[in-house]
Structures are given as structure tokens and as C-alpha cells.
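**Q** Sequence:
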Amino acid sequence: MSLVSLTPERYDSVEEALKDVVDPELGVNIVDLGLIYDLNWEDELDALVVSMTLTSAGCPLTDVIEDEMAKALDGQVERFKINWVWMPPWGPEKITDDGREMMRALGFNI
1 MSLVSLTPER YDSVEEALKD VVDPELGVNI VDLGLIYDLN WEDELDALVV
51 SMTLTSAGCP LTDVIEDEMA KALDGQVERF KINWVWMPPW GPEKITDDGR
101 EMMRALGFNI
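Residue 91 in our numbering sits at position 91 of the sequence shown; the count goes up by one each step and never skips.
The set of hints was computed from the structure by calculation and includes no laboratory data. Every residue, glycine too, gets a C-beta built ideally from N, C-alpha and C. Certain hints may be false.
[As the list claims (entries may be wrong)] What follows is a list of derived Cβ distance ranges for each label pair:
hint	residue 1	residue 2	range
1	Asp63	Asp97	26 to 32 angstroms
2	Asp43	Pro92	32 to 38 angstroms
3	Glu66	Leu106	22 to 28 angstroms
4	Ile110	Lys71	17 to 23 angstroms
5	Leu106	Val4	20 to 26 angstroms
6	Ala70	Asn109	31 to 37 angstroms
7	Glu25	Val77	22 to 28 angstroms
[To be verified] Listed below are the simulated BS3-like cross-link pairs for lysine-lysine, each with C-alpha atoms no more than 25 angstroms apart in a straight line:
hint	residue 1	residue 2
8	Lys94	Lys81
9	Lys19	Lys81
10	Lys94	Lys19
11	Lys81	Lys71
12	Lys71	Lys19
Could you build the full structure based on these sequences and the hints that come with them?
**A** This is the structure:
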């Protein structure tokens with residue numbers, strides 16, 4: 001698999017679209033939770049490759065997140081593939097400042 005970096009503008013556009021995907025358990029989008037590790041393009045597949053993780057490896061909601069990603073990326077890309085990454089594991093330190101504010105508003109103590 002040969003990955004190509006997205007232009008900064010394209011990266012920002014895709015990342016902004018992915019903010020519409022909300023983690024069903026925590027109620028915060030996957031970008032601000034720090035679940036997206038990288039966005040690249042795979043020329044051979046002609047597809048966006050989203051390298052991401054989940055808050056836990058045993059998360060039963062991967063299908064829900066994938067479906068929401070498909071909706072969010074509609075109009076952005078024709079195809080995408082998720083590259084599930086488990087190392088390094090996700091931790092609360094990956095949450096953005098905006099994500100922390102959202103979690104506090106939902107009653108989480110961050």
C-alpha cells in the first residue's frame with residue numbers, strides 16, 4: 001500500500017467533515033476525541049485512508065462509526081478505507097481542547 005499525503009487544504013476539509021461523526025458512547029466527535037491519527041490517499045485503491053483508533057479495542061460500535069463516516073464523507077471522497085490502529089493506544093491526552101469542553105458540557109470530568 002503506497003500512501004500519499006493530502007494537501008493541507010484537503011486534509012482540513014476531510015477532517016472538518018469527520019467532525020460530523022460522533023462517538024455514540026461519549027457524545028463527542030471522533031476528531032476532537034483524538035481518534036483520527038492520520039488521513040492519507042491510497043492511489044492504487046483511489047481511496048482516502050483514515051488511520052484511526054477507538055477508545056477501546058473491543059468497542060462494539062465500529063459499524064455505527066463506519067456508517068456515520070460514510071455519510072460524513074459523502075461528497076468529499078468516492079471511497080474510503082479505515083486503517084484501524086491500536087498502537088499507540090488512545091488515551092484522554094489525545095482529546096483536543098474543544099473536545100474537553102464538549103465532554104465537560106456533557107458532565108464528564110476531564
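**Q** Hints first: check each against the structure and report whether it holds.
**A** Comparing the hints with the structure gives:
no. : hint                                 : in the structure
1   : Asp63 <-> Asp97: 26 to 32 angstroms  : holds (30 angstroms)
2   : Asp43 <-> Pro92: 32 to 38 angstroms  : holds (35 angstroms)
3   : Glu66 <-> Leu106: 22 to 28 angstroms : holds (23 angstroms)
4   : Ile110 <-> Lys71: 17 to 23 angstroms : violated (28 angstroms)
5   : Leu106 <-> Val4: 20 to 26 angstroms  : violated (37 angstroms)
6   : Ala70 <-> Asn109: 31 to 37 angstroms : holds (33 angstroms)
7   : Glu25 <-> Val77: 22 to 28 angstroms  : holds (26 angstroms)
8   : Lys94 <-> Lys81                      : holds (22 angstroms)
9   : Lys19 <-> Lys81                      : holds (17 angstroms)
10  : Lys94 <-> Lys19                      : holds (15 angstroms)
11  : Lys81 <-> Lys71                      : holds (14 angstroms)
12  : Lys71 <-> Lys19                      : holds (12 angstroms)
Hint check: violations occur at hints 4, 5; the rest are consistent with the structure.
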